[in-house]
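What the sequence shown shows, in full-length UniProt numbering, is residues 1 to 94, in sequence order.
Just so you know, the hints here were simulated from the structure itself, not pulled from any lab data. Ideal Cβ placement from N, Cα and C applies to all residues, glycine included. Just so you know, not all the hints are guaranteed correct.
Claimed, not checked - Simulated restraints on C-beta separations: (1) ASN33 to ILE85: 30 to 38 Å; (2) ILE90 to SER37: 15 to 23 Å; (3) PRO11 to THR40: 17 to 25 Å; (4) LYS22 to ALA93: 29 to 37 Å; (5) ILE70 to GLY29: 30 to 38 Å; (6) ASP8 to TYR47: 33 to 41 Å.
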Amino acid sequence: MSINYEQDLLPIGSVVRIKEWKQKLMIYGRLQNDTESQNTWDYVACYYPHGNLTEDSNAFFNHEDIKDVIFKGFEDHEEVAFRKILAEAIKEAE
1 MSINYEQDLL PIGSVVRIKE WKQKLMIYGR LQNDTESQNT WDYVACYYPH GNLTEDSNAF
61 FNHEDIKDVI FKGFEDHEEV AFRKILAEAI KEAE
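Sequences and hints are given; from them, build the entire structure.
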């Protein structure tokens with residue numbers, strides 16, 4: 001499943017639950033590289049409500065792994081413009 005980065009990418013601060021996991025996660029980064037696996041993921045998140053405890057507590061996942069969006073983060077014209085630029089950059093890189 002492919003994500004439309006301009007329309008579907010969730011804003012920073014969004015709280016989600018991913019499939020087969022009960023722990024809530026808060027997104028704090030997008031299109032992140034996991035230095036251990038060398039994979040690029042749609043999101044990096046920390047445990048909610050705990051926050052970013054250590055480097056080892058980061059959760060990397062893709063948009064398709066999201067089961068529920070519990071809270072959608074703040075979204076304004078800057079966020080919308082950022083997603084548009086990001087989507088264009090990804091398209092050019094492909």
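Hint check for GLY29 and ILE70 - Cβ pair distance inside 30 to 38 Å | Given range 30 to 38 Å: violated, Cβ gap about 18 Å.
Outcome for the supplied range 29 to 37 Å, where the beta carbon pair is LYS22 and ALA93 | holds (35 Å)
For the pair ASN33 and ILE85, does the Cβ-Cβ distance stay inside 30 to 38 Å?
-> violated (19 Å)
Pairwise beta carbon distance, ILE90 to SER37, judged against the given window 15 to 23 Å = The hint (15 to 23 Å, Cβ to Cβ) holds, given that ILE90 and SER37 are roughly 20 Å apart.
Can the suggested window of 33 to 41 Å be confirmed for the beta-carbon pair ASP8 and TYR47?
-> violated (23 Å)
Given a hinted range of 17 to 25 Å, is it respected by the beta-carbon distance of PRO11 and THR40?
-> holds (19 Å)
Consistency note: the structure conflicts with the earlier hints numbered 1, 5, 6.
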